[in-house]
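Visitor: These are the residues of each chain, in order.
Number of protein chains: 2
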Amino acid sequence: MTAEHHTPVPSEPVARPEALVSTARDEGVDAAAAAARRLIDALLRAGDHTDTDMADVAKQLDALADQLTERAPGPEDRLVTMWQGSGITRHDPVTGPENAIAPPLTLAGREDGSVQGTVTLGFPYQGPPRCVHGGVSALLLDHTLGVANHWAGLSGMTAELTLRYLRPTPLFEPLTVTGRQISVDGKKIQTIGSISAGGRECVTAQGLFIAKQLPRPS
Amino acid sequence: MTAEHHTPVPSEPVARPEALVSTARDEGVDAAAAAARRLIDALLRAGDHTDTDMADVAKQLDALADQLTERAPGPEDRLVTMWQGSGITRHDPVTGPENAIAPPLTLAGREDGSVQGTVTLGFPYQGPPRCVHGGVSALLLDHTLGVANHWAGLSGMTAELTLRYLRPTPLFEPLTVTGRQISVDGKKIQTIGSISAGGRECVTAQGLFIAKQLPRPS
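If you read the protein sequences in the order shown, they are chains A and B.
So in our numbering, spot 124 of the first sequence is number 151, and the numbers just go up one at a time.
So in our numbering, spot 213 of the second sequence is number 240, and the numbers just go up one at a time.
Accuracy of the hints is not assured; some may be wrong.
Where chains are identical, the list cannot tell them apart; a pair therefore holds if satisfied intra-copy or between any two copies.
Below, computed lysine to aspartate or glutamate pairings styled on EDC-like, alpha-carbon distance capped at 16 Å [stated by the list, open to error]:
(1) K214 <-> E187
(2) K239 <-> D212
(3) K215 <-> E187
(4) K86 <-> E54
(5) K86 <-> D53
Hints in this document: simulated from the structure, not taken from any laboratory.
Note that the structure is a prediction, hence the values are computed from the model and not measured.
Let the sequences and hints guide you as you build the complete structure.
Guide: Put into structure tokens, the structure is as follows:
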């Protein structure tokens, strides 16, 4: 069975099913997470090289965290909403608009069966000087391969992932991230992907996934 | 040439050279980044399931980000300090105390030539329900293998990384992350590592690194 057998035929233009990735809203927790991303970047830009009173910054952030945590549902209740309906694509550390760790990457399903997105990464994702951390590339690709499986119609959990680093991946430039399911054999799914900059591949990924899912909290 | 030839002999107890990983300070930008981590977690716990005015939270965070950015050095100047002296281990997305994306993981060099650290991950690092995202495990391991190379005396850039996922890696439980350089052949470095929970391996990593470094901004 090949990926082609699973590939839905999207309408023009390229479809983006709600369950593939979530679109960030300009309100609610998405807006707060977007501002938190700006803050993470600003802290790195500042370091201890400004006259800002960092104790005061810490105090303000702690107060906000306390306020949010006090009003938040308990972790078990929250796990249920995270794994219900469209919640499933809202909290992950790659595409999740609610997760300030996520750049976030937005992926769209394509007619050829692949998924693709563009993202520009800054200081928080740095490995070598001016370059994306190799582990961040692995994070983006692992997730993208998982979304490619979802788009192809059969997804699962990563069993093995191999990354090849062909050249440094630049910060501050648009990166194209792609994934594509290439074969399904019983429960074994083979999926590939890459990160490119300026039309040149920087990192490739090859993944073996097993078609099973952990139970969702309920 | 094996790793043993590079391994420094640390004094008891386990040594932690300043350049291996940085110790988070309870002040300055480290304290602000620690508070930002609490905030990232709190936003995910809250989601859109509280009566908190998220527009107001976003406004406060944007104001802090604006204030920090205005007073921060220019990006080129900041890159220089990031890559000078002990700065090199302060900003990365795995161990960096200045980076709110980093858990942060603290790694210590050990007498047997390996590096090891313990970390507990929460909501921001979730992949499958209640489990660490496979890509986050890859991020932690890529970095840990790099630090293991540093500890062994010869480090470089990741050329190839293979991850094997043996069982789900739990959130909310202490994880042991280890890395160890196993061989050096010219510029080719082989390094392995793993993430364990409760004494059982969850993820293993095998990396090929090339002994070269990108120039540091100056």
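Visitor: Cα distance capped at 16 Å. Does K86 pair with E54 within a copy, between copies, both, or neither?
Guide: For K86 and E54, only the inter-copy Cα distance (11 Å) is at most 16 Å; the intra-copy one is 25 Å.
Visitor: I want to check one pair: K239 and D212. Are their C-alpha atoms no more than 16 Å apart within a copy, between two copies, both, or neither?
Guide: within (13 Å within a copy, 40 Å between copies)
Visitor: Are the CA atoms of K214 and E187 at most 16 Å apart within a copy, between copies, both, or neither?
Guide: within (14 Å within a copy, 26 Å between copies)
Visitor: Within, between, both or neither: how does the pair K86, D53 come out at a Cα-Cα threshold of 16 Å?
Guide: between (26 Å within a copy, 12 Å between copies)
Visitor: Between K215 and E187, at a C-alpha cutoff of 16 Å, which is it: within one copy, between copies, both, or neither?
Guide: Within one copy only: 11 Å inside, 23 Å across.
Consistency with the previously given hints is maintained throughout, with no hint failing.
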